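Peer 1: Sequence:
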Amino acid sequence: QLQASGGGLVQAGGSLRLSCAASGTFVSIGVMRWYRQAPGKERELVATAHKGAPATVTGRFTISRDDAKNMVFLQMNGLEPWDTAVYYCNAEIRRAWGRATSEYWGQGTQVTVSS
37 QLQASGGGLV QAGGSLRLSC AASGTFVSIG VMRWYRQAPG KERELVATAH
87 KGAPATVTGR FTISRDDAKN MVFLQMNGLE PWDTAVYYCN AEIRRAWGRA
137 TSEYWGQGTQ VTVSS
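Taking the numbering used here, the leading residue of the sequence shown gets 37, the next gets one more, and so forth.
Errors might be hidden in some of the hints.
[To be verified] Simulated restraints, written as ranges between beta carbons of each label pair:
1. 81 to 116: 16 to 26 angstroms
2. 81 to 148: 16 to 26 angstroms
3. 90 to 138: 20 to 30 angstroms
No lab work stands behind these hints: they were computed from the structure. Since we're looking at a predicted model, the values are computed, not measured. Backbone N, C-alpha and C fix where the C-beta goes; we use that ideal spot for every residue, glycine too.
Start from the sequences and build out the full structure, keeping to the hints where you can.
Peer 2: This is the structure:
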């Protein structure tokens, strides 16, 4: 349902843009989020994007979404070694009208920042 991409290895101070695409059968997508989980740490929320909302800047990161393409993005600038983690996209998806939304997770994409 959710496919994340765009991770990789980058030097400190560099940038990466993560993408996440929703696929399958559904009628609407609600809130979309990016989380990350570093080794030995709990998963933490990075950014949230509501449907129809403009891009939102949170520190060095900007979350945006393309509702026409069912995608969410995370632009990460000024990356630091402590940003190293697996980044997961998350979305509340309604499979059919009259049904409640369900929460879906992407498979995660590794971001590694070297010093």
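Peer 1: Give a verdict on every hint.
Peer 2: Consistency of the hints with the structure:
1. 81 to 116: 16 to 26 angstroms: With Cβ atoms ~18 angstroms apart, the hint holds.
2. 81 to 148: 16 to 26 angstroms: 20 angstroms, holds
3. 90 to 138: 20 to 30 angstroms: Roughly 26 angstroms apart at Cβ, these two residues keep to the hinted range, so it holds.
Of the hints listed earlier, there is not a single one the structure fails to meet.
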